[in-house]
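Trainee: Listed below, chain by chain, are the residues.
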Amino acid sequence: MLNKIGVKLSLAVGITTVLIIGVYSYYTIVAQSRVLVAEVESHAHQLSETINSSMRQYMLANQREQLHETINAIGGHHGICGVRIFNKEGFIMYSAKAEDIGTMVDKEAESCYACHTVDQPLERLPQEDRTRIFRRDEDSPRGLGVINAIYNEPACWQSACHAHSEDQQVLGVLDVTICLTDIDKQIHQSTIKSIVFSILVIIGLCLVVGLLLNRMVTRPVRALVGATHQVALGNFSHTIEDHGEDELGQLADSFNNMTEKLSEMRMQLFQFDKMASLGRLAAGIAHELNNPLTGVLTYGSFLLKRAEGNPELQEDLEVIVRETMRSRDIVKGLLDFSRQSVPRKSEVNVNDVLDRTLLVVKNQLKINRIRIVDQRDGDIPEILVDPNQIQQVFLNLVVNAIEAIGSDGGSITISSSIVSLSPHGIVQIRNVSCVNGHDLIDATHKIEGMPSIRVKAKYGGNEGFVHIDPIYGGQRHHFGIALLRDAPVDVHCPECDISLVHPEKKCPECGAPVYVLQTPDKGPIEGCARHGGTWQRWEMIEHEGERTYIEVRISDTGSGITNEDLNDIFEPFYSTKGQKGTGLGLSVIWGIIDTHGGTILVDSEVGKGTTFTVRLPVDKRAGHGPATIGDAT
Amino acid sequence: MSDRYDILIVDDEPVVIDSVVKVGRAEGYRIDTAHSAMAALEKLSRNRYRMIICDVMMPEMDGFQFMQRLDKSGLETPVIMTTGFSTMQNAVQALLVGAAGFLPKPFTMDELVSRMKRGLKYTELLTGVRAGTVDPDKVFRRCPRRFRRLGNASWALMEDSGVVVLGVVDLFLKTIDDLQGIDLMAMDDTLNQGGVCARLETGDHLVHNLLAPLSGKIIARNEAVLDDIGLVAEDPYGNGWLYQIIPSSLEEELKMLKPGRAG
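Protein chains in written order, with the numbering used here: chain U, 1 to 633; chain A, 1 to 263.
Here chain U stands alone, though its shape is the one from the complex (with noise of 0.2 Å):
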């Protein structure tokens, strides 16, 4: 129990608050019972000098009996404890409770503490010191004592009763206690509505975080634990359902994406290790079959041979060795399935591979009302390559375009022509160095598919890396490295820490300095390294001169792709098909162009429609592998 996230956390909630709200709960007490006690006292400060002045006129007089009845009518007043006068020997002269006059005051009693706790009393004090709050004794309820010294003055001295002499400074003392029982009262309940309503916020917090928890927490780790489970168990269809954008949700999508990512693999494998198998067993029905088949064959063209001279029976084995020789090639078919997989290049019209293509996706485009637009030039030259490869990437690029465009209808331009181009912006760099020879390529960070060239880059103090785009005369670079536009940057070896930069070469266009990268067989590369400079220069391949190619455009009206997705759709296992693309076509397809020495460009925009544009190089020097593009380093 103590183990589950939702306990834990709803735990660390539950005390945070307790003490928050215990602390807060606790002053607020504090400051409220201060102000009502401060309330109290002022009030019992105005009460005193009120009574004092207002029998005043009766002890000037000396009418202790009108004396005795206010005090009286005063102490009966609800909320006051008692009133009374003392003289300054503490002998209560009057009071409230009839049973106190008489009766000499405790000096050492609460209400006294305040003169008399020296041994001279005093004689003035201040309105602040002359309050006090005590309780007579355990059981009684608290309160607020308020003395107000009785000053002689002429008019006492003076008056005809002479009670009074004139040496006298203090005559008397008027002591009012008020009740607190009303205020305590008050504080006790809100002390208990304070406690109650933390108790009730602690709960309800504790609750609504456990709720909440349990929502956004518990819920889909129990559904993520619940479907590593199940993937575990080699259930691979299982997805997270319904989960949120949050990380938790992120983490499902991710799940779900790699599960999928993982049954899709596994289905390649299982697919491969069936065509696998499924090879095998017809190599092994193939041959098991040749053998009978030689004794038929053998036998049969043997009793042909003997049946010169009888026409009906040759007839009738001629039927048998014919039908055997049949057989003989059914065999045959069997035993090239079984071998399928081994590259076959020919010599081929790349417009007939287009129009195999397009054959096999008659249907699909007539279902989706999708126009073909057919832009291609007759006139192209045959090239060398594998026509099965070649249409498996046609076939590919004209099912995305029609999965792009779905069900709404549209169009598919298609193009092929002959170009003749500039290495500059289509030869890509696929084996660079520094002079020390550290391979600079760097397979793991892809610039449209293709492994970037990594220098590390230093510039006002700092150090990062940037990845050079490894098309010749390509400007998509990624920067590891905040730079200034313009700044020439110094640009060194990530391994060996060497600079790249030529001491003395300089920029043609710009004057900057120059990044030179070294290839192992094709001459250096050089560059201009100010940071937005555009000039670069191979020599040994603008020396080659142009290239021709057979350029295949295949333009659809569908809708389009992300910048972000352009990025990584040559990345095998990348899709944004969802449940439906497995990921890996654009990636084989990648890697068969690659394999032909050409190349494939994508060009999108949202809501407007993609152009892949195939470029496969037309080269006559037949054997030579993928032709020179491919082996341009």
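Treat the hints as calculated values from the structure; they're not laboratory data.
Hints should not be assumed to be uniformly reliable.
For lysine-lysine, the following DSS-like pairs were computed, each having C-alpha atoms within a straight-line distance of at most 27 Å [as the list claims (entries may be wrong)]:
1. U:K305 x A:K117
2. U:K332 x A:K22
3. A:K258 x A:K72
Computed from a prediction, not measured in an experiment: that's the story for all the values here.
We have chain U already, so just place chain A on it with the hints.
Mentor: Below, chain A without anything else, positioned relative to chain U:
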């Protein structure tokens, strides 16, 4: 006591042995049989054979291992490999390791007879050369060194343009009697290494299949040899060429070919 036979047939399939025995004997050959490569080696140590027809796929020891054992023991008896797993790769492989011929199963009587005749003719030439009665330089023209050949059947010559010329090795022609005509494949057809690329007809109404040394697309064929088959026999490495092709997987396939100088 050593017996002399024309042919030893080695196969683990009784029906194949029976077929070969039936056809061979009808042609008048003395035929011995072995049901395994081990049994064949044992027989070879006792008897003398002019040629061997051996299956590739057999339990314990397969045809290729059998060839190696023959090679080690110094026996130069020509071997014709046969298999039910009759892929072009197997054909090429068999010729590469020194088989005198390849006979894919199932075969017709004519195919078998043509192979037997050629095999025995080959033995005859070989024995003659060894015995000194036949001067190889006079009897047949050796394949020039810059040529590449598939066994002793066909040759290929790479030209600078990237085009490859194909033809028949003279030793193959010498193993067939009375060449009457040739049947070539059509323009633009695709050849496969180890697949049949031409059929040579002889006076005895037999057809001899020539296997292609390389894969590729036919861009030209020598129409002259169709009219005058004598060209092939007269100048097999020159005017007697058969095809010009654009090869499709030259690098890989060249590994399966031997340099010239057959015989």
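Trainee: K332 (chain U) and K22 (chain A) were given as a pair; does the straight-line alpha-carbon distance stay at or below 27 Å?
Mentor: Status holds; Cα separation ~25 Å.
Trainee: Just to be careful, I want the Cα atoms of K258 (chain A) and K72 (chain A) compared with a cutoff of 27 Å; is the pair within it?
Mentor: 20 Å, holds
Trainee: Within a Cα-Cα threshold of 27 Å, do K305 (chain U) and K117 (chain A) meet the stated pairing?
Mentor: Holds - the C-alpha atoms of K117 (chain A) and K305 (chain U) are around 17 Å apart, at most 27 Å.
The structure fails none of the hints (numbered hints given earlier).
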